[in-house]
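Enquirer: Here is what each chain is made of, one letter per residue.
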Amino acid sequence: MKHFDVIVVGGGHAGTEAAHTSARAGAKTALITLRKDTIGVMSCNPAIGGLGKGHLVREIDAFDGVMGVAADRSGIQFRLLNRRKGPAVQGPRTQSDRKLYRQAIFDLTVAQPNLDVIEAEVEDLIIKNCKASGVILADGSRISSSAVILTTGTFLRGVIHIGDQRSSGGRMGDKASVKLADRLLSLNLPMGRLKTGTPPRLDGKTIDWAQLETQPGDEIPELFSFKHRTPFVKQISCGITHTNEKTHDIIRDNLGQSAMYGGHIDGIGPRYCPSIEDKIVRFSDKTSHQIFLEPEGLDDDTVYPNGISTSLPVDIQDQYVRSIKGLENVSILQPGYAIEYDFIDPRSLTAALELRDMPNLFLAGQINGTTGYEEAAAQGLVAGLNAALMAAGKVSEVFSRSTSYIGVMVDDLINRGVTEPYRMFTSRAEFRLSLRADNADQRLTPRAIQLGLCGEERKRMFEDKCDKLEAGRNILQNATLTPKEAVVHGFRVNQDGQRRSAYSLLSFPDINFDQLSAALPQLAGIEPDVAAQLSKDALYVNYLKRQDRDIEAMKRDEAWRIPENYDYSALSGLSNELTAKLVKAQPATLGHAARIEGVTPAALALILAKLRQEARVKAL
Amino acid sequence: MDTIYALATARGKAGVAVIRISGPNAWEATRLLAGKLPQPRQAGLRMLHLDGEALDEAVVLCFEAGASFTGEQVAELHIHGAVATVTAVLRALSDIDDLRLAEPGEFTRRALENGRLDLSQVEGLSDLIDAETESQRKQALKVLSGAVGKVVEDWRKGLIRAAALLEATIDFADEDVPVDVSPEVTAALTSVRASLKAELDRFSAAERIRDGFEVAIVGRPNAGKSTLLNALAGRDAAITSEVAGTTRDVIEVRMDLSGLSVTLLDTAGLRNTDDVVESIGVDRAIQRAKTADLRIFLLDGEDVPMLSPSEGDIVVRGKADISTQDEFSVSGKTGQGVQELIERLTDILIHRVQGAGLLSRERHRILLLDAFGALESAQGELCSDLDQPELAAEYLRDAARSLESLVGRVDVEHLLDEVFSSFCIGK
Ligand SMILES: Cc1cc2nc3c(=O)[nH]c(=O)nc-3n(C[C@H](O)[C@H](O)[C@H](O)COP(=O)(O)OP(=O)(O)OC[C@H]3O[C@@H](n4cnc5c(N)ncnc54)[C@H](O)[C@@H]3O)c2cc1C
Numbered sequence: 032m033k034h035f036d037v038i039v040v041g042g043g044h045a046g047t048e049a050a051h052t053s054a055r056a057g058a059k060t061a062l063i064t065l066r067k068d069t070i071g072v073m074s075c076n077p078a079i080g081g082l083g084k085g086h087l088v089r090e091i092d093a094f095d096g097v098m099g100v101a102a103d104r105s106g107i108q109f110r111l112l113n114r115r116k117g118p119a120v121q122g123p124r125t126q127s128d129r130k131l132y133r134q135a136i137f138d139l140t141v142a143q144p145n146l147d148v149i150e151a152e153v154e155d156l157i158i159k160n161c162k163a164s165g166v167i168l169a170d171g172s173r174i175s176s177s178a179v180i181l182t183t184g185t186f187l188r189g190v191i192h193i194g195d196q197r198s199s200g201g202r203m204g205d206k207a208s209v210k211l212a213d214r215l216l217s218l219n220l221p222m223g224r225l226k227t228g229t230p231p232r233l234d235g236k237t238i239d240w241a242q243l244e245t246q247p248g249d250e251i252p253e254l255f256s257f258k259h260r261t262p263f264v265k266q267i268s269c270g271i272t273h274t275n276e277k278t279h280d281i282i283r284d285n286l287g288q289s290a291m292y293g294g295h296i297d298g299i300g301p302r303y304c305p306s307i308e309d310k311i312v313r314f315s316d317k318t319s320h321q322i323f324l325e326p327e328g329l330d331d332d333t334v335y336p337n338g339i340s341t342s343l344p345v346d347i348q349d350q351y352v353r354s355i356k357g358l359e360n361v362s363i364l365q366p367g368y369a370i371e372y373d374f375i376d377p378r379s380l381t382a383a384l385e386l387r388d389m390p391n392l393f394l395a396g397q398i399n400g401t402t403g404y405e406e407a408a409a410q411g412l413v414a415g416l417n418a419a420l421m422a423a424g425k426v427s428e429v430f431s432r433s434t435s436y437i438g439v440m441v442d443d444l445i446n447r448g449v450t451e452p453y454r455m456f457t458s459r460a461e462f463r464l465s466l467r468a469d470n471a472d473q474r475l476t477p478r479a480i481q482l483g484l485c486g487e488e489r490k491r492m493f494e495d496k497c498d499k500l501e502a503g504r505n506i507l508q509n510a511t512l513t514p515k516e517a518v519v520h521g522f523r524v525n526q527d528g529q530r531r532s533a534y535s536l537l538s539f540p541d542i543n544f545d546q547l548s549a550a551l552p553q554l555a556g557i558e559p560d561v562a563a564q565l566s567k568d569a570l571y572v573n574y575l576k577r578q579d580r581d582i583e584a585m586k587r588d589e590a591w592r593i594p595e596n597y598d599y600s601a602l603s604g605l606s607n608e609l610t611a612k613l614v615k616a617q618p619a620t621l622g623h624a625a626r627i628e629g630v631t632p633a634a635l636a637l638i639l640a641k642l643r644q645e646a647r648v649k650a651l
Numbered sequence: 460m461d462t463i464y465a466l467a468t469a470r471g472k473a474g475v476a477v478i479r480i481s482g483p484n485a486w487e488a489t490r491l492l493a494g495k496l497p498q499p500r501q502a503g504l505r506m507l508h509l510d511g512e513a514l515d516e517a518v519v520l521c522f523e524a525g526a527s528f529t530g531e532q533v534a535e536l537h538i539h540g541a542v543a544t545v546t547a548v549l550r551a552l553s554d555i556d557d558l559r560l561a562e563p564g565e566f567t568r569r570a571l572e573n574g575r576l577d578l579s580q581v582e583g584l585s586d587l588i589d590a591e592t593e594s595q596r597k598q599a600l601k602v603l604s605g606a607v608g609k610v611v612e613d614w615r616k617g618l619i620r621a622a623a624l625l626e627a628t629i630d631f632a633d634e635d636v637p638v639d640v641s642p643e644v645t646a647a648l649t650s651v652r653a654s655l656k657a658e659l660d661r662f663s664a665a666e667r668i669r670d671g672f673e674v675a676i677v678g679r680p681n682a683g684k685s686t687l688l689n690a691l692a693g694r695d696a697a698i699t700s701e702v703a704g705t706t707r708d709v710i711e712v713r714m715d716l717s718g719l720s721v722t723l724l725d726t727a728g729l730r731n732t733d734d735v736v737e738s739i740g741v742d743r744a745i746q747r748a749k750t751a752d753l754r755i756f757l758l759d760g761e762d763v764p765m766l767s768p769s770e771g772d773i774v775v776r777g778k779a780d781i782s783t784q785d786e787f788s789v790s791g792k793t794g795q796g797v798q799e800l801i802e803r804l805t806d807i808l809i810h811r812v813q814g815a816g817l818l819s820r821e822r823h824r825i826l827l828l829d830a831f832g833a834l835e836s837a838q839g840e841l842c843s844d845l846d847q848p849e850l851a852a853e854y855l856r857d858a859a860r861s862l863e864s865l866v867g868r869v870d871v872e873h874l875l876d877e878v879f880s881s882f883c884i885g886k
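As they're listed, the protein sequences go chains A and B. Remember, the numbering used here sits 31 above the position in the first sequence when you count from 1. Remember, the numbering used here sits 459 above the position in the second sequence when you count from 1.
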């Protein structure tokens, strides 16, 4: 029997990132997926990033992952969202050429040492001593491994709905994973059902572009990877059009035929990704909704109409689409549809994304109740790294809410579970001002280097950047102005006699680097990139003091690990109510415990006391 | 690491109260109140001042980091146990930058982290956990029922609405949401702030601790009010005579009841009269009695005209020496029942200043004040020319956190609920 350290099942966004991370971490890794040619396929819209999501991609890139690199290689319209707001809430986004994205992922996968790709359907798990120890393929062959990561996305008992027609499938054109789903069902894991949908794809040659407004990308594109500066391929614009009263009438008249409104679907869909049916029912007073017409590729005429996902029958889709300006003569290449699928309640996972009740089995991506490529890839990174660490007999790596969006997401998932498909928003991060897309490398790459996840090139670039930032910061801190001098240069500051460094002046909202550098010639030596980064760092300095204290406290708590299946009832003094809550939540660290509602400092002190006592006993 | 402080001894009446301060700024903070500090581990008598105002005379003790209860730098203030004194000193500490009131159990937690305690010592915490749970439950019940419940619910709604609007412009910038939400956010915040302010003003019960309470003795002429006052005050403050209507003006006597400063008012006897001078006295008596914090109705067998007791007032039968009823009665002349009256009065007043208990009241006051300040800063950010909603949002988060124990947790799901029900999100 063949043996790998880590087997990853599924070649979607979670699976590829997991396989790459595991391989980079030094584990002998196999990526097993239904079809080699669908590795890196974007099931839905051809875009990567956005608010919160862009943060995740930058963080993946800080670990030298693949998503950001592939997004850059295939990006055909880069936009930095919230460009005019503060850097903490700016999120990079790009539209990608679908084919180029898949190609980029494929090329990176082939080039990755330690990583084998196997085309097959995984039908079952090998379970030995209540632990996952490999997989069984459709042809009956077995492959053993120290750890298995499942990233099967929407494929678990996937059902596709178009009107009242339903068919089994993992997404359009792919069969569902039924046997594997049955196996998971037999493990008695807590499971649920979710749904999502996608719009019809249009033939761009039949769109009357001349009638439509367009939206170009940014003049100066911001890429995802810290390694890249300029786009790889030609940049294009999107079209913009709107639904109208007639569109709404058609949809309203045929609501009963929609899979979702006809009562054919039980799964819960995301509120931030409503179908056009939903929009018209819930916001009935709106007479028009915006649609972005996004080309799916440079040499591909397929257009993705962002904003009208649907599960109406094909002929109704045809009618309502043609009622829209610019789309009067459009032809549909592939109808929109809704898909229902199984997910596993992520509260059954540890912070390493390992199933608590089935050691060595990790889950990542949509299977955990999330939605989105970026969310999937970020979990892939966590699961891939931890599976590799486990295979090597090393301690797991916990991502903290205080240092990454990845940590925020994992913590949310495993502690709170999901009620609708989980998507990242910047508002989920309580330390939003410090967890910025622009400083993801400064936050995470040092750890990535320690873990051995970074290639030589990345390491060198990062160290070089750090040296420059350090030098620049020194110059800024040593260049000072008295209040009188500051006023001469037109800066409004308190006349308190205090000398201020250029760095602290940069934290004033109305003073920028160029003005400072006109006043202080020694700043001229700082490169524009470095100056821009330092300005962003300086901007929030005064707000971060409180946050830093909270972060410090959280980190201290997170350093205290609580063993699995910890016996809280042995803690005399803990109320029954709290004991029950803790037993249910199984916090991995004291920090997790602190976030459980009702857990007071006194209760934490009690747990901590016990942990300390046990640590002392062990040390003897 | 924050520097924290709290009352280390039981609350309520006690001869001595100990306030403990722990953390990197413990000595510095103490120096602000007490001036030059005594040597570590040596007691020193100091006058505590804040902004030139004397608070109390205290025994000050300092402990170095590594040689203290928590393992951190610690200072202890041993002050007089009167409620008023303790409150004044705690309040002075709350005004010092970088100092905050400790959470229950926090000193122990720190001691533990610094290896100063073992598990058996910590298990004493279980009482605390139970008490906390119980007091939280009571507090929640109290807040939710009654008029306060409605007010608190409005705060919560206002905060969620304001934060949701801001977050919508941040997280859904490329969606169909309004670009400028600051007018509505400002309106919501202004209203929450006004309401917080009103609530803060109600904490004036605590102000009373400093300014003192007014207690009016009312009754018909010749009911024995002045004699009672004299008995209570222990000296001849009011002129007492057998002629009805002697006290034409309001006589005030200040006294100290278990550390609370109380002004007793002896007022003109209440009756309808044609005597112009006397009727002026009666009017004045009614007015003062009404604005007093509490009234002692002294009965002489008939009801007191023109004024009736409100909730919390004390009703007592006078001239116990010559009456035979066995209701609660006093006699200023013989002193019968006077001690009991004083105890009753003290209990009522202490209960009033404590409300839910001195500490939790003070905690709430600080939280309201913090929230108020945070909302003010949020509004400041909204008014600035820069488009940085993340900063206003940050302050709103602080405000919500401060009010958490009153309004319940406001987390991102509540904001998202509001966003998705208000705006059509989703391209
Ligand atoms: C119709 C539709 C609409 C969507 N709409 C949106 C949207 O609007 N917004 C949004 O953010 N996200 C949307 N998504 C979600 C997004 O596509 C997913 O969140 C993301 O692709 C999940 O990544 P994943 O890696 O978890 O799974 P997937 O990308 O689904 O990958 C699963 C992989 O597992 C493989 N696989 C499955 N079973 C087996 C097996 N037994 N053996 C071997 N290999 C197997 C498959 O071949 C596939 O490669 C949509 C998805 C679908 C299908």
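No wet-lab data here; the hints were simulated from the structure. Misleading hints may appear alongside valid ones.
Now the in silico label distances, taken between C-beta atoms and shown as ranges [as the list claims (entries may be wrong)]:
no.	chain 1	residue 1	chain 2	residue 2	range
1	A	Asp-234	B	Thr-649	36 to 42 Å
2	A	Gly-521	B	Glu-643	31 to 37 Å
3	A	Cys-497	B	Lys-495	43 to 49 Å
Here are the simulated EDC-like pairs of lysine to aspartate or glutamate, each with C-alpha atoms no more than 16 Å apart in a straight line [stated by the list, open to error]:
no.	chain 1	residue 1	chain 2	residue 2
4	A	Lys-586	B	Glu-572
5	A	Lys-576	B	Asp-734
6	A	Lys-586	B	Asp-461
Partial list, derived from the structure: chain A residues whose beta carbon lies under 8 Å from chain B [said to hold, decoys possible]:
no.	residue
7	Leu-112
8	Ala-142
9	Pro-144
10	Lys-310
11	His-320
12	Phe-456
13	Thr-457
14	Phe-544
15	Ala-625
16	Arg-626
17	Glu-628
All C-beta atoms in this analysis are idealised placements derived from N, C-alpha and C, irrespective of residue type, glycine included.
Enquirer: Please list, smallest to largest, the hint numbers that this structure does not respect.
Expert: 1, 5, 8, 9, 14, 15, 16
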